[in-house]
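Engineer: So you can see what is in the structure, the chains are spelled out below.
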Amino acid sequence: ETGVTQSPTHLIKTRGQQVTLRCSSQSGHNTVSWYQQALGQGPQFIFQYYREEENGRGNFPPRFSGLQFPNYSSELNVNALELDDSALYLCASSLVPLAERTDTQCFGPGTRLTVL
Amino acid sequence: GIQVEQSPPDLILQEGANSTLRCNFSDSVNNLQWFHQNPWGQLINLFYIPSGTKQNGRLSATTVATERYSLLYISSSQTTDSGVYFCAVERYSGAGSYQLTFGKGTKLSVIP
Numbered sequence: 001e002t003g004v005t006q007s008p009t010h011l012i013k014t015r016g017q018q019v020t021l022r023c024s025s026q027s028g029h030n031t032v033s034w035y036q037q038a039l040g041q042g043p044q045f046i047f048q049y050y051r052e053e054e055n056g057r058g059n060f061p062p063r064f065s066g067l068q069f070p071n072y073s074s075e076l077n078v079n080a081l082e083l084d085d086s087a088l089y090l091c092a093s094s095l096v097p098l099a100e101r102t103d104t105q106c107f108g109p110g111t112r113l114t115v116l
Numbered sequence: 001g002i003q004v005e006q007s008p009p010d011l012i013l014q015e016g017a018n019s020t021l022r023c024n025f026s027d028s029v030n031n032l033q034w035f036h037q038n039p040w041g042q043l044i045n046l047f048y049i050p051s052g053t054k055q056n057g058r059l060s061a062t063t064v065a066t067e068r069y070s071l072l073y074i075s076s077s078q079t080t081d082s083g084v085y086f087c088a089v090e091r092y093s094g095a096g097s098y099q100l101t102f103g104k105g106t107k108l109s110v111i112p
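Quick mapping for you: the protein sequence lines, in order, are chains P and A. Residue numbers for the first sequence follow my numbering, so the first one is 1 and each next one is one higher. Residue numbers for the second sequence follow my numbering, so the first one is 1 and each next one is one higher.
Simulated from the structure, these hints should not be mistaken for lab results. Quantities reported herein were computed from a predicted structural model and do not represent experimental measurements. For each residue, glycine too, the CB sits at the ideal point set by N, CA and C. One or more hints might be untrue.
DSBU-like cross-link-like pairs, simulated, lysine-lysine; straight-line CA separation at most 35 Å [said to hold, decoys possible]:
#1 A/Lys107 / P/Lys13
#2 A/Lys107 / A/Lys54
#3 P/Lys13 / A/Lys54
#4 A/Lys104 / A/Lys54
A few chain P residues that don't get close to chain A, going by computed Cβ distances all over 12 Å [as the list claims (entries may be wrong)]:
#5 Gln17
#6 Val19
#7 Ser65
#8 Ser73
Chain A extracted, bound-state conformation:
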């Protein structure tokens, strides 16, 4: 099956700093999503980004599908950005079936 690798596994930032999270995937995909998981386990969708660049406030994401990677940028980090960030790729397997394959996540800790 498809492999999804995220780096770094852990990241500690001072409040106000910028960061870049990376997601590499081993095969062509139909779609890619970035999620933030809060301490209570809720997965919040950040970006649905099969290709190109999107921005939402202090967050932006870029996916280069031909080179099989995606980047999530966090600028001016805040303590509320802490949590685990997951990249998940999606492949269609016929008959309308599809599934998300997740990476192991990047655990971000933003300290005041």
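Same shape as in the complex, but just chain P:
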């Protein structure tokens, strides 16, 4: 069974640039969520994708957008980068349906983004 993978591991960008982060879900999982973890904080929910559509969103501006592909891999895009976007970005996958879900969200190793 393949776990959740993310790329790249580290990334350095400058303010105003755009960035794309990538995630491959765990085999068999069809739901992916993205989280932002600032230094010293817990992860914060950005959004979730299910069946290639956004299925829930946290308190993040529209310059944070995403895609989910038919193979359940996903991208997180951030436009007009700001210094406060520097964080660890985590991807998590899980299996739907949820009514009697007994599995967990499985997290990838994260991408550490630094905005200068």
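Since chain P is already given, all that's left is putting chain A on it; use the hints.
Structural biologist: Here is chain A on its own, set in the frame of chain P:
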């Protein structure tokens, strides 16, 4: 939104000691998970525990959903237990949508 509070924020233990980490949440939840984050940032799921008690080796967890708290017990701590422990609660928001809300974590340092 739902609030998740963890205590203590920091904990220093001598190797071999026991500890209890607490997680309080402000509203009813569908599920609760405990994670360990290693120094490289990887979140490792420890327990998926919406209610009741579970044990895995030296770790155990108890969730009392009606009183909105969960406890993580670490016995005979080892230096490899060091890291940040997060509690995260999950709520369904309809149409299959759900999200984890994390606490700020408990930073555990186990010294030899």
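Engineer: Evaluate each hint against the coordinates.
Structural biologist: So, going through the hints one by one against the coordinates:
Distance hint between A/Lys107 and P/Lys13 is fulfilled; the C-alpha atoms sit about 29 Å from each other, no more than 35 Å. Proposed proximity of A/Lys107 and A/Lys54 is supported: the alpha carbons are some 22 Å apart, at most 35 Å. Simply put, P/Lys13 and A/Lys54 have alpha-carbon atoms about 43 Å apart, too far for the 35 Å limit, and the pair is violated. Between A/Lys104 and A/Lys54 the CA atoms are separated by roughly 23 Å; this keeps the pair inside 35 Å, and the hint holds.
Under the 12 Å C-beta cut-off, the non-interface status given to P/Gln17 relative to chain A holds; the minimum distance is some 22 Å. The claim that P/Val19 is not at the interface with chain A holds, since no C-beta of that chain comes within 12 Å of its own (minimum 17 Å). Non-interface status of P/Ser65 relative to chain A is upheld: no Cβ of that chain comes within 12 Å, the nearest being about 17 Å off. Distance check on P/Ser73: its Cβ is at least 19 Å (rounded) from any Cβ of chain A, clearing the 12 Å threshold; non-interface status holds.
The structure fails hint 3 only (numbered hints given earlier).
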